[in-house]
Amino acid sequence: MSDHPIPPTPTAEDYAAQLAANADEAQFERDAPVPLFLEWMADARRSEPNDSNAMALATVDSDGLPDCRMVLLKGVDERGFAFYSNRGSAKGGQLSDQPKAALLFHWKSLRRQVRVRGAIEPVSEAEADAYFASRARESRIGAWASTQSRPLDSRETLEAAVRAAEARFEGAEPPRPEYWTGWRVIPRQIEFWRDRPFRLHDRLRFDREGENWRRTRLYP
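For the sequence shown, our numbering begins at 1254 and goes up steadily by one.
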């Protein structure tokens, strides 16, 4: 669930105002992508009704079959885009076998999206510990109770596993399970898209070249 108040439903006037905001050429004059991403993310936190940090994570399995699901961005800096999950899940296995991924952020209220492509690296143990400790106790209990992506015979079995985990850690803080960790997408390419009238949209792509970024404007 979102952790901020739900904004009102956009009106036609809001749409017109957002199109005007998307005409700001100064945004597309940045020399590096991360500051622009952080600016857009801040805008999304103010305008998106649900989970402004939600992103589609695309991976590939050992047979080359693509897979995709929604996850939550939990950290971004010059190193990359971090998220957390169960190492034993389907995506955990795919990230281990094929350590490359793509991300997609879509903010309908802003009429903007960002695409990211790159290699995968694990976050540090300290980073995983710190994020796990910041989660609600119920979520930490759930991480112990769920063998993610494995077959489950009934809801009752899952609820029994939750009760067992609650009893195990009664009066204590649940530590991070060894199988629960995080990954970082190290961006090789980041593309920004924003809606403009008559489908003459703006696209700006950054390609990493060593320690620098090459900026290219693209036809819509």
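FYI, nobody ran anything at the bench for these hints, they're computed from the structure.
Hints should not be assumed to be uniformly reliable.
To be verified - Quick list of in silico lysine to any residue cross-link-like pairs, SDA-like style, CA-CA up to 20 Å: (1) LYS1353 with GLU1462; (2) LYS1327 with ARG1283; (3) LYS1353 with ASP1460.
Stated by the list, open to error - Between beta-carbon pairs, the in silico distance windows are: (4) ARG1456 with ALA1386: 36 to 42 Å; (5) PRO1430 with ARG1452: 33 to 39 Å; (6) ASP1277 with VAL1415: 46 to 52 Å; (7) ARG1456 with LYS1327: 39 to 45 Å; (8) ARG1452 with LYS1327: 20 to 26 Å; (9) LEU1325 with SER1349: 33 to 39 Å; (10) TYR1432 with GLU1278: 46 to 52 Å; (11) PHE1281 with ALA1389: 36 to 42 Å; (12) GLU1464 with GLY1424: 25 to 31 Å; (13) ARG1456 with ALA1425: 47 to 53 Å.
Even for Gly, the Cβ is constructed at its ideal location relative to N, Cα and C.
Going through the hints against the structure:
1. Straight-line distance between C-alpha atoms of LYS1353 and GLU1462 comes to about 18 Å, which keeps the hinted pair within the 20 Å bound.
2. As the CA atoms of LYS1327 and ARG1283 are separated by approximately 24 Å, the hinted pair breaks the 20 Å bound.
3. Straight-line distance between C-alpha atoms of LYS1353 and ASP1460 comes to about 16 Å, which keeps the hinted pair within the 20 Å bound.
4. Restraint check, ARG1456 to ALA1386: a C-beta distance of roughly 40 Å satisfies the suggested window 36 to 42 Å.
5. Separated by about 47 Å at the C-beta atoms, PRO1430 and ARG1452 break the suggested range of 33 to 39 Å.
6. Checked against the hint of 46 to 52 Å, the pair ASP1277 and VAL1415 passes, with Cβ atoms roughly 48 Å apart.
7. The hinted window of 39 to 45 Å between ARG1456 and LYS1327 is violated, with their beta carbons roughly 27 Å apart.
8. Checked against the given bound of 20 to 26 Å, the beta carbons of ARG1452 and LYS1327, roughly 34 Å apart, lie outside it.
9. Evaluation of the 33 to 39 Å hint for LEU1325 and SER1349 yields a failure: the beta carbon distance comes to about 20 Å.
10. Evaluation of the 46 to 52 Å hint for TYR1432 and GLU1278 yields a pass: the beta carbon distance comes to about 47 Å.
11. Range check, PHE1281 to ALA1389: about 39 Å between beta-carbon atoms, so the 36 to 42 Å window is met.
12. Hint check: GLU1464 to GLY1424, Cβ distance near 50 Å, so the stated range 25 to 31 Å is violated.
13. Against the hinted window of 47 to 53 Å, the Cβ-Cβ separation of ARG1456 and ALA1425 comes to about 51 Å, which satisfies the hint.
The structure does not agree with the numbered hints 2, 5, 7, 8, 9, 12 stated previously, though it agrees with the rest.
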